[in-house]
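Peer 1: Single-letter residue listing:
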Amino acid sequence: MELISQIFGGVFAFGPIAAMISASILGVFIGALPGLNPVMAIALLLPLTYSMEPLVALGMVAGIYNGSMYGGAIPAILLRIPGTPAAIATTFDGFPMAQRGEASRALKIACWSSAIGGTASAIALMTIGPVLARATLYFGPAEYFWVAMFGMASIGVMVGKDAVKSLMAAAFGLLLGTVGLDQLSGTPRFTFGEVWLLSGLDLIVILVGLYALPPVIALAEDRDLKGLSASALKLESVKVPWGEVRSMIPTWLRSSLIGIGVGILPGAGGNIAAFLSYNAAKSTSDDPESFGKGNPLGVAAAECGNNADNAASMIPALTLGIPGNVIAALVLGALMIHGLQPGPQLFHQNPGLVGGFMVQMLLTSLLILAVGGAAATRIFAQVQRLPGVMLVPMILVLMAVGVYVINGRVIDLWVMFAAGIAGYVLEKLDVPLAPIVLGLILGPMAEQSVRRALLISRGDPTELFTRPLSAVIALATIGLIVWPMLRAWKRRRA
Amino acid sequence: MKYLALALAAVAVGTPVLAEYPERAIEVTIPAPAGGGTDTSARKLGTLLEEELGTSIAVLNVAGGGGSVGVTQFMMQKPNGYSLLATWNSPITTVPQVQQTAYQPDSFTPIASTSETAYTLCVKPDFPAETGEEFLAELAANPGKYTYGNDGIGGTMQLAAERIFQSEGIEAVAIPFGGAGETLQNFLGGHVDIYGGSISPVLPYTESGEAKCLIVTSAAAVPALPQAAGLESLGMGDKETLLWRMVLAPAGTDQAIVDRLAEALEKTVNDPSYVEFLATKGEVPNVVVGDALAERLQNEYDALAIVAENLGLNQ
Numbered sequence: 393m394e395l396i397s398q399i400f401g402g403v404f405a406f407g408p409i410a411a412m413i414s415a416s417i418l419g420v421f422i423g424a425l426p427g428l429n430p431v432m433a434i435a436l437l438l439p440l441t442y443s444m445e446p447l448v449a450l451g452m453v454a455g456i457y458n459g460s461m462y463g464g465a466i467p468a469i470l471l472r473i474p475g476t477p478a479a480i481a482t483t484f485d486g487f488p489m490a491q492r493g494e495a496s497r498a499l500k501i502a503c504w505s506s507a508i509g510g511t512a513s514a515i516a517l518m519t520i521g522p523v524l525a526r527a528t529l530y531f532g533p534a535e536y537f538w539v540a541m542f543g544m545a546s547i548g549v550m551v552g553k554d555a556v557k558s559l560m561a562a563a564f565g566l567l568l569g570t571v572g573l574d575q576l577s578g579t580p581r582f583t584f585g586e587v588w589l590l591s592g593l594d595l596i597v598i599l600v601g602l603y604a605l606p607p608v609i610a611l612a613e614d615r616d617l618k619g620l621s622a623s624a625l626k627l628e629s630v631k632v633p634w635g636e637v638r639s640m641i642p643t644w645l646r647s648s649l650i651g652i653g654v655g656i657l658p659g660a661g662g663n664i665a666a667f668l669s670y671n672a673a674k675s676t677s678d679d680p681e682s683f684g685k686g687n688p689l690g691v692a693a694a695e696c697g698n699n700a701d702n703a704a705s706m707i708p709a710l711t712l713g714i715p716g717n718v719i720a721a722l723v724l725g726a727l728m729i730h731g732l733q734p735g736p737q738l739f740h741q742n743p744g745l746v747g748g749f750m751v752q753m754l755l756t757s758l759l760i761l762a763v764g765g766a767a768a769t770r771i772f773a774q775v776q777r778l779p780g781v782m783l784v785p786m787i788l789v790l791m792a793v794g795v796y797v798i799n800g801r802v803i804d805l806w807v808m809f810a811a812g813i814a815g816y817v818l819e820k821l822d823v824p825l826a827p828i829v830l831g832l833i834l835g836p837m838a839e840q841s842v843r844r845a846l847l848i849s850r851g852d853p854t855e856l857f858t859r860p861l862s863a864v865i866a867l868a869t870i871g872l873i874v875w876p877m878l879r880a881w882k883r884r885r886a
Numbered sequence: 013m014k015y016l017a018l019a020l021a022a023v024a025v026g027t028p029v030l031a032e033y034p035e036r037a038i039e040v041t042i043p044a045p046a047g048g049g050t051d052t053s054a055r056k057l058g059t060l061l062e063e064e065l066g067t068s069i070a071v072l073n074v075a076g077g078g079g080s081v082g083v084t085q086f087m088m089q090k091p092n093g094y095s096l097l098a099t100w101n102s103p104i105t106t107v108p109q110v111q112q113t114a115y116q117p118d119s120f121t122p123i124a125s126t127s128e129t130a131y132t133l134c135v136k137p138d139f140p141a142e143t144g145e146e147f148l149a150e151l152a153a154n155p156g157k158y159t160y161g162n163d164g165i166g167g168t169m170q171l172a173a174e175r176i177f178q179s180e181g182i183e184a185v186a187i188p189f190g191g192a193g194e195t196l197q198n199f200l201g202g203h204v205d206i207y208g209g210s211i212s213p214v215l216p217y218t219e220s221g222e223a224k225c226l227i228v229t230s231a232a233a234v235p236a237l238p239q240a241a242g243l244e245s246l247g248m249g250d251k252e253t254l255l256w257r258m259v260l261a262p263a264g265t266d267q268a269i270v271d272r273l274a275e276a277l278e279k280t281v282n283d284p285s286y287v288e289f290l291a292t293k294g295e296v297p298n299v300v301v302g303d304a305l306a307e308r309l310q311n312e313y314d315a316l317a318i319v320a321e322n323l324g325l326n327q
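Protein chains in written order, with the numbering used here: chain A, 393 to 886; chain B, 13 to 327.
Since the hints were made in silico from the structure, they are not lab data.
Think of the CB as a built atom: it goes at the ideal place given N, C-alpha and C, for glycine as much as any other residue.
Check before you lean on any hint, since a few could be wrong.
Unchecked claim - Some chain A residues near chain B, calculated using beta-carbon distances under 7 Å:
| id | residue |
| --- | --- |
| 1 | A527 |
| 2 | L529 |
| 3 | Y530 |
| 4 | L576 |
| 5 | L611 |
| 6 | A612 |
| 7 | P715 |
| 8 | Q733 |
Unchecked claim - Covered stretches of chain B, as calculated for chain A (at least 3 residues, CB under 8 Å):
| id | stretch |
| --- | --- |
| 9 | 43-55 |
| 10 | 93-102 |
| 11 | 120-126 |
| 12 | 183-190 |
| 13 | 307-314 |
Stated by the list, open to error - Computed footprint of chain B on chain A, listed as stretches where at least three residues anywhere in the stretch have a Cβ under 8 Å from a Cβ of chain B:
| id | stretch |
| --- | --- |
| 14 | 439-449 |
| 15 | 586-592 |
| 16 | 798-811 |
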């Protein structure tokens, strides 16, 4: 009881509350602007808070993290430009909805789904976090290999009309993922003697080019030179009927569980969570054909999944001292600067602080409803009224600034530009882009894990199947591939 | 004529710049991702340095290539005192052994080292050894049996361990991971036998009894790890390899600026709040400046070159 009053007394003070609200708003904007990303924002802002109350700093982290994960959905829905890597799956159904004139509805669903995913994740962090964290230790290199393969199997769901093109796109992504210094042998691959390529192709740089430039070029092609559209967008709140809300509950439940599961595994991220959630929603649907054509469940699954990753990704960091992603590492860094030693004793060292941060992850998830739903969405929905002649240069400048700031080098701008041209050509050829991204993210994870597993087993490949946990994930992967085939076969017979 | 006067005025204004250094923001390149050990150390130091120098400090994280990407990018900076590099030793003394780099340890103006810590080797409680000596004997008796996680192939951690192993004729299987956090995860899960990495991540687990650390790579023992033997006590004091951090400037930086920075660093590193912060990470301050720092870099570079060559890793 004393602990609870200590935690809430710490969180419900002026500084932490102000930090959470302003950071949530800022987070939504950062997520919504392609190129700017939460890692950058937190890395820039966190040092400014070192001299402040720790809960102010952590409230800011929570707000930016949760806010930006929702913010990424806004341009994904309105412009088909994912604001963050995790919002790619949101474009699949969000943009078709916007084209149908249902932008407000899609944004509302995204907002609710983000809040629900984030809340479920925060509750998991507060309740079963330590148990879950212990379970992640069973994941060795062999298991990580299968997790990556499981993710890759979801490429099946992105296969467009032409399966061969999708597989070629995935292979292209795998190839891009091999660029850079090989972590296991120390050998540079496909770097052509360029030092900046040693770190591999920066995911955000490729993504901004691949996903943001083609829609911008498409906008430019429309040659929309007229002024501000007089026909104001209908911004009054769209009623989502209870029946529809009820139909989303299974999707929210499933996506929350997937997001939490992916989140606790160090190294996997919100983008994988969103893809897997989307895949699960599609393959369990009675009408899988409607996905990709503006099915609200697709938006709900992707947005719920990527926000459910957030608080869960803090679980290994706060309970074991093992940061699973850069944001978790920054949080641990901030705690260390305030004199705490990350590890299993963290909660006992300062329960007020660690518990307070958990509560902040919960509160900022709920704040998405207020700042995302009411304020930010209305501002950003105005984007649809802007004519192309204004929109195109604005987005281009934002993209360039965002990409340049990541590493402070000009060559990244050229990489982004090249990726954009490639994306534009590939779209014209009806080659889906999502398998490229999935290959780029999961390829290195699969390759490094399998090689590590083989190093540990001294080259014996049977260990990839005989470890109990790896066998389970391997079977699940096979099931994921075979299940849609079985269903299609059954339907044809019926 | 008017222009000449203007130019002269500019020179007149420009001359005392050195005396007023710094008069604008300083950019610090960190060749590591945000949130890591080098990053937090440098950022914390940066906030203290901002007060000391009376200017703001902007941080740029350029990760990749074991640090070589950021260091190479830094080499293009002007030697005007407004671009500094905050790095740990590996990118300067280890990476050039295993990669083709455009730089050598003497490609920079050394300013000051800031802090240091040892690496450690730890095992599970049921490992058949209780002391550093028994640990090495067990490894030597079972060539190729044990796996040890490390921070990456050809990284300083691996070379620090191999430096010890080579002198004892030990053969252990190196499993490279992305960093100490990943190594710790795989060690706790039982996927590798030996944790190899910095002290701070594993420290809580020695206190809880889930890990016993038997060796540190410093000559002296480390108070936080009472069971671990220092290399001196094992008769290998000359095989010491530390993880240490420093601030460097581009080659050709003005001596007055170097002195001003070294003086400011010496003061801030020994600031009680920074020393306390270092202690939570198992690090201690150690400021070495000027020629002594250049010598320290060169000596370490030469010693590790031999280890890398024996491993067949050298370029």
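Peer 1: A separate judgement is required for each hint: does it hold in the structure or not?
Peer 2: To see whether the hints hold, each was checked on the structure:
1. A527: Hint violated; A527(A) Cβ to chain B Cβ min 10 Å, cut 7 Å.
2. L529: Holds, because the Cβ-Cβ distance from L529(A) to chain B comes to roughly 4 Å (cut-off 7 Å).
3. Y530: Since chain B brings a Cβ to about 6 Å from Y530(A), closer than 7 Å, the hint holds.
4. L576: holds (6 Å)
5. L611: violated (32 Å)
6. A612: violated (32 Å)
7. P715: holds (6 Å)
8. Q733: holds (6 Å)
9. 43-55: With 7 residues closer than 8 Å to chain A, the stretch 43-55 of chain B meets the three-residue bar; holds.
10. 93-102: Violated: only 0 residues of the stretch 93-102 of chain B have a Cβ under 8 Å from chain A.
11. 120-126: violated (count 0)
12. 183-190: Per the Cβ count (5), the hint holds.
13. 307-314: violated (count 0)
14. 439-449: It holds: at least three residues are needed, and the stretch 439-449 of chain A offers 3 whose Cβ sits within less than 8 Å of chain B.
15. 586-592: holds (count 5)
16. 798-811: holds (count 3)
Comparing the model with each numbered hint stated earlier shows that hints 1, 5, 6, 10, 11 and 13 do not hold.
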